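Chemist: Protein sequences, first through last, are from chains U and G. So the first sequence is numbered by our numbering: it starts at 26 and just counts up by one. So the second sequence is numbered by our numbering: it starts at 61 and just counts up by one.
By construction, these hints were calculated from the structure, which means they are not laboratory data. Misleading hints may appear alongside valid ones.
[Claimed, not checked] Cut-off 30 Å, straight-line C-alpha distance, at most; resulting in silico cross-link-like pairs (DSS-like, lysine-lysine): (1) G:Lys355 <-> G:Lys79; (2) U:Lys277 <-> U:Lys327; (3) G:Lys209 <-> U:Lys45; (4) U:Lys289 <-> U:Lys219; (5) G:Lys310 <-> G:Lys131; (6) G:Lys300 <-> G:Lys179; (7) U:Lys40 <-> G:Lys209; (8) G:Lys355 <-> G:Lys267; (9) U:Lys45 <-> G:Lys179.
[To be verified] So the derived label-pair ranges between C-beta atoms look like this: (10) G:Asn324 <-> U:Glu188: 46 to 56 Å; (11) U:Thr222 <-> G:Ser394: 19 to 29 Å; (12) G:Gly110 <-> U:Pro265: 49 to 59 Å; (13) G:Leu352 <-> U:Asp44: 18 to 28 Å; (14) G:Ile84 <-> U:Gly60: 28 to 38 Å.
[To be verified] Computed, partial: chain U to chain G, Cβ under 8 Å: (15) Val87; (16) Gly92; (17) Thr93; (18) Met97; (19) His122; (20) Met129; (21) Ser130; (22) Ser135; (23) Ala163; (24) Ser164; (25) Gly167; (26) Asn190; (27) Asn191; (28) Pro209; (29) Ser346.
Remember, predicted model here, so these are calculated numbers, not experimental data. Built from N, CA and C at the ideal position, the CB exists for glycine as well.
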Amino acid sequence: MPTITIREALTKGLKEALDKDPSVFIMGEDIGPYGGAYAVTKGFLEEYGAERIKDTPIAESVMVGAGTGAAMGGMKPVVELMTINFGLLAMDQIVNHAAKIRYMSGGQFSVPLIIRAVTGGGGGLAATHSQCLEGWFASVPGLKVATPATPYDALGLLRSSFEDNNPILFAEHALIYGVKGEVPEDYYTVPFGKAETVIEGSSVSLIAYSRMVHVATEAAAELAKDGISCEVIDIKTLRPFDIESVANSVRKTNRAVVVEEAWKTGGFGAEIASQIQEVAFEDLDGPILRICGEEVPQPYNKKLEAMSIPDAAKVVSSVKSHFSL
Amino acid sequence: MAKIKNNQSKEKGLESYTKEQLTIFYRQMFQIRRFEESAEEQYMRGNIRGFLHVYTGQEAVAVGAISALRKSDYLVTHYRDHGHALAKGLASKSAMAELFGKATGCSKGMGGSMHLFDKSINLMGGYAIVGGQLPIATGLGISSKELGKGQVVMVFMGDGALNEGELHESLNMAAIWNLPVIFYLENNLYGMGNHTTDVFAVKELKKVSEPFGIPNLEVDGMDVIAVNQATQAVVEKVRKGSGPFFIEAKTYRFRGHSVADPSNYRGKSEEETWKKRDPITSLETSMIQSGLVEKDEISNIRSSVEEEIADAVKFALESPDPEDATLYHNVYDS
Chain U
26 MPTITIREAL TKGLKEALDK DPSVFIMGED IGPYGGAYAV TKGFLEEYGA ERIKDTPIAE
86 SVMVGAGTGA AMGGMKPVVE LMTINFGLLA MDQIVNHAAK IRYMSGGQFS VPLIIRAVTG
146 GGGGLAATHS QCLEGWFASV PGLKVATPAT PYDALGLLRS SFEDNNPILF AEHALIYGVK
206 GEVPEDYYTV PFGKAETVIE GSSVSLIAYS RMVHVATEAA AELAKDGISC EVIDIKTLRP
266 FDIESVANSV RKTNRAVVVE EAWKTGGFGA EIASQIQEVA FEDLDGPILR ICGEEVPQPY
326 NKKLEAMSIP DAAKVVSSVK SHFSL
Chain G
61 MAKIKNNQSK EKGLESYTKE QLTIFYRQMF QIRRFEESAE EQYMRGNIRG FLHVYTGQEA
121 VAVGAISALR KSDYLVTHYR DHGHALAKGL ASKSAMAELF GKATGCSKGM GGSMHLFDKS
181 INLMGGYAIV GGQLPIATGL GISSKELGKG QVVMVFMGDG ALNEGELHES LNMAAIWNLP
241 VIFYLENNLY GMGNHTTDVF AVKELKKVSE PFGIPNLEVD GMDVIAVNQA TQAVVEKVRK
301 GSGPFFIEAK TYRFRGHSVA DPSNYRGKSE EETWKKRDPI TSLETSMIQS GLVEKDEISN
361 IRSSVEEEIA DAVKFALESP DPEDATLYHN VYDS
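Looking at chain U on its own, in the form it has when it is part of the complex (with noise of 0.2 Å):
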């Protein structure tokens, strides 16, 4: 099985999807001859042509605006909006329109569209290009959010993504771009609203999604060291969201602890943590913890950034003393 990058793995997803169907075109800042702020699209614009691989001017409301319309209008489009921080600029196109046109149309028109968005801090940008919104996006009924953790889920997930006529917050994280993993020649498609157990444990589950399953990994080998079984769920989509896989780790290791890189008030996370207590509150054996970024707008300074968000030592150090370990 050939071992890529997620950048390989969305590289590959886009270009099958082009390949594949001519309604499907890409829209997004310096994702022509620029190849992408991620150079995810790098040579794509030779390879598919300006109509297709569509660079846009700076405008986030009506690149995202125009993608729904385009959907509306019988196009499969992309947006590539170059980081989730600039997707701010188009909260109403995404949330006031993209994600209503289908209810309130009765089921008139879909809006079948893909948003593509990069996440996370921890790349030195400081606090305005550091933030994890995909959970803000994910509070919203009408969108979907994939937040893929691996290669072969970026392109599983991002194969589904072409086969729905939703509208999809695809949120990438800037970190993990480069992680490889196994990803196999036949065709496969990833399914939103499914977790997966990526480690089997029996004494805690650690819940997490994106760049923060490589944290919660890399813990529980280290917890594992000191004889405290980890179970590492990656619940790949936010919304929808699989409580059931999540309650059913749970209801084995009796302790849950989620680990998430936004902001811990009205972090994803808590809908996590609520859900778990509402469904398998008497398998808990204490208060579920979180671990989550700092409440502070992200520093610049290397030293400070690294303690603002969650790592390897602070989910064991944490595990340890929450639950007595």
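Following the hints, complete the assembly by docking chain G onto the known chain U.
Modeler: Only chain G this time, still in chain U's reference frame:
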């Protein structure tokens, strides 16, 4: 910048239309007028909820402009959308039932007055966030162009939308990609209660398109013939691939911003001056004076509209609410 001049006399304008076309204009404008008056009445009776923004006074714009479109052309509009929807061909009973929130409404009771959709006539929706419809129309311009079906997109905005960044982003994208989009400004002088000249720095509103190289023209929005002639010429150009166009129709809403608005911010004399230019009365007078129609024919049209609107209200009243289960329908396309 505009190549199209609209300087023909009204009489000359009338002559270039058949009696049938003119009576259709008349009927459509009167249909919108009576629809809106009935809607206000039903609102007062508690049968219509939420906001209700009526189009009364602006009928010549919707009818004159949208008559220049084909059924397959895309129409995108804003929250004051009843007139546009009816002019595009939405059945009055389907529109009224939507205002009542009934299952038989064009949006199945899920959108209401500000969100009228009808896929069968490419009525792509009323959008109630000011300016939000403009990027969507721009995107429909992309699909029209790429899929090559020769469709033109017409998108309406009020003068309140001029200050929204989404307009400027949309004009720019439509211009750089030469999209078949007609940006149609209905300048009724007020964005809610703000006079446009107090809140928009460009005094001649249509000039907002000029920095983008988008040609524009201004038209008398109280004259259905003037609107139709100007729009037909623009639609023809845009369909041939000339790129986007900007039209400003000068018009006036005879009623408040919504039914809750007594219009205290504007003078009664201003209202009276504009009401003397009522587009429906004007067309009626011109048609009778030019000997095209008899008074009887006008009466017949009016009674047929009265009957239609009464039927629409009856239909809306008698229609069922949506089923409970529909609360959860169509959040997603599954």
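Chemist: So, against the hints stated earlier in the document, which numbers end up violated here?
Modeler: Checked against the structure, the hints that fail are numbers 2, 8, 12, 13, 14, 23, 24, 28 and 29, while the rest are satisfied.
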